[in-house]
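> The task is simple: from the sequences and hints, build the whole structure.
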Amino acid sequence: MIISNDNISDSGNTRLRSTVGGLLSNRNILTVSDDATSSAYESAIGAVAQGNRITNGFYAYTESRSATDATTGHAIVARKTSGARSNIYMPANGSAPTADTYRHSRGELRFDSAGTLWCCVGSGTPGSWRRLAGPATAGAVHAINPRRVYDSRFVDGALAAGAERVIAVNDGIDVESGAVNAVNVVPAGATAIYFNLAITETVGGGFLQLAPGTATVVTAATINWSGPNETISNASFSSIDTDRQVKILSGGTGSTQFIIDITGYTL
Numbered sequence: 008m009i010i011s012n013d014n015i016s017d018s019g020n021t022r023l024r025s026t027v028g029g030l031l032s033n034r035n036i037l038t039v040s041d042d043a044t045s046s047a048y049e050s051a052i053g054a055v056a057q058g059n060r061i062t063n064g065f066y067a068y069t070e071s072r073s074a075t076d077a078t079t080g081h082a083i084v085a086r087k088t089s090g091a092r093s094n095i096y097m098p099a100n101g102s103a104p105t106a107d108t109y110r111h112s113r114g115e116l117r118f119d120s121a122g123t124l125w126c127c128v129g130s131g132t133p134g135s136w137r138r139l140a141g142p143a144t145a146g147a148v149h150a151i152n153p154r155r156v157y158d159s160r161f162v163d164g165a166l167a168a169g170a171e172r173v174i175a176v177n178d179g180i181d182v183e184s185g186a187v188n189a190v191n192v193v194p195a196g197a198t199a200i201y202f203n204l205a206i207t208e209t210v211g212g213g214f215l216q217l218a219p220g221t222a223t224v225v226t227a228a229t230i231n232w233s234g235p236n237e238t239i240s241n242a243s244f245s246s247i248d249t250d251r252q253v254k255i256l257s258g259g260t261g262s263t264q265f266i267i268d269i270t271g272y273t274l
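Everything in the sequence shown is counted per our numbering, starting at 8 for the first residue and increasing by one.
Do not take every clue at face value.
Quick list of simulated restraints, FRET-style, between CB atoms [to be verified]:
id, residue 1, residue 2, range
1, Cys126, Glu237, 43 to 53 Å
2, Ala227, Thr260, 11 to 21 Å
3, Pro142, Thr108, 20 to 30 Å
4, Leu274, Gly101, 22 to 32 Å
5, Leu116, Val224, 38 to 48 Å
6, Ile239, Ala77, 44 to 54 Å
7, Pro142, Gly114, 22 to 32 Å
8, Val187, Asn63, 54 to 64 Å
9, Thr260, Gly141, 37 to 47 Å
10, Ser240, Ala67, 25 to 35 Å
11, Thr105, Asp248, 27 to 37 Å
12, Asn94, Gly211, 51 to 61 Å
Honestly, the hints are just simulated from the structure, not real lab data.
Glycine included, C-beta positions come from ideal geometry on N, C-alpha and C.
Listed below in structure tokens is the structure:
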């Protein structure tokens, strides 16, 4: 069976083909209706559900697979060529599902108008949802072999009380010389870092906060010291700015040298 706008016969038992050009109000084969919403996306098959009885646009089902052929047993296969744009496109639309008044089922995906992708992990009204990606999420965690990215003993010197310092954390440095020896340890696009902040050669007492490079005021303490010549370290997690920079802010009455090691990032 061949259903085609141009009647070109191709080999195969079933073939759906759409190659007609020009200005068409409906650019899909097998659409339920000449619907403006679906016609905006020209495709070989268009499915439009209208009314309150037929509400699913498309359904795919499979019940078997080959034990040796990994390409079998998939209800839907979304394959693209190297020149195509993506495997799946989900236009952003609607509000977050967490405030929905409709019942949802585990396994649903929803991409809201804010650009957040949600997955329903528990059925209910509105159900239980998890954010998979979006502007408000940090991204996936990438653990790395620990790399030093800053040591004030090689550059800049001790940080005094009330001072602040903006530091790029993208490149790794040699622990003996401070010279850059690894670029893009924290790659472009990273949103946060896992780090170890160490202080040494302390004077007096005080604290340091590691914050994004755009921070303007002290809001917390990442590490504290209470006397001279202390060496202390603390592991923590913080967002970074879009230039892969952090800001170290100093409080208290003393000063200290400090070192930053990176153990992972989110992207």
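> Compare the structure with each hint and give your call.
Here is what the structure says about each hint:
Between cysteine 126 and glutamate 237 the C-beta distance comes to about 46 Å, which sits within the given range of 43 to 53 Å. For the pair alanine 227 and threonine 260, the supplied restraint of 11 to 21 Å holds, since their beta-carbon distance comes to about 18 Å. With their beta carbons about 25 Å apart, proline 142 and threonine 108 fall inside the hinted range of 20 to 30 Å. Roughly 27 Å separates the CB atoms of leucine 274 and glycine 101, a value that falls within the hinted 22 to 32 Å.
About 39 Å separates the C-beta atoms of leucine 116 and valine 224, a value consistent with the hinted range of 38 to 48 Å. Distance hint check for isoleucine 239 and alanine 77: the Cβ-Cβ separation is about 52 Å, which falls inside the suggested range of 44 to 54 Å. A C-beta distance of roughly 24 Å is found between proline 142 and glycine 114, which places it inside the suggested range of 22 to 32 Å. The given range of 54 to 64 Å is respected by valine 187 and asparagine 63, whose C-beta atoms sit roughly 56 Å from each other.
Taking 37 to 47 Å as the suggested C-beta distance range, the pair threonine 260 and glycine 141 conforms, at roughly 43 Å. Distance hint check for serine 240 and alanine 67: the Cβ-Cβ separation is about 54 Å, which falls outside the suggested range of 25 to 35 Å. Look at threonine 105 against aspartate 248: about 28 Å separates their beta carbons, and that is inside 27 to 37 Å. Distance hint check: the CB atoms of asparagine 94 and glycine 211 are about 58 Å apart, consistent with the given range 51 to 61 Å.
Checked against the numbered hints given earlier, the structure breaks only hint 10 and satisfies all the rest.
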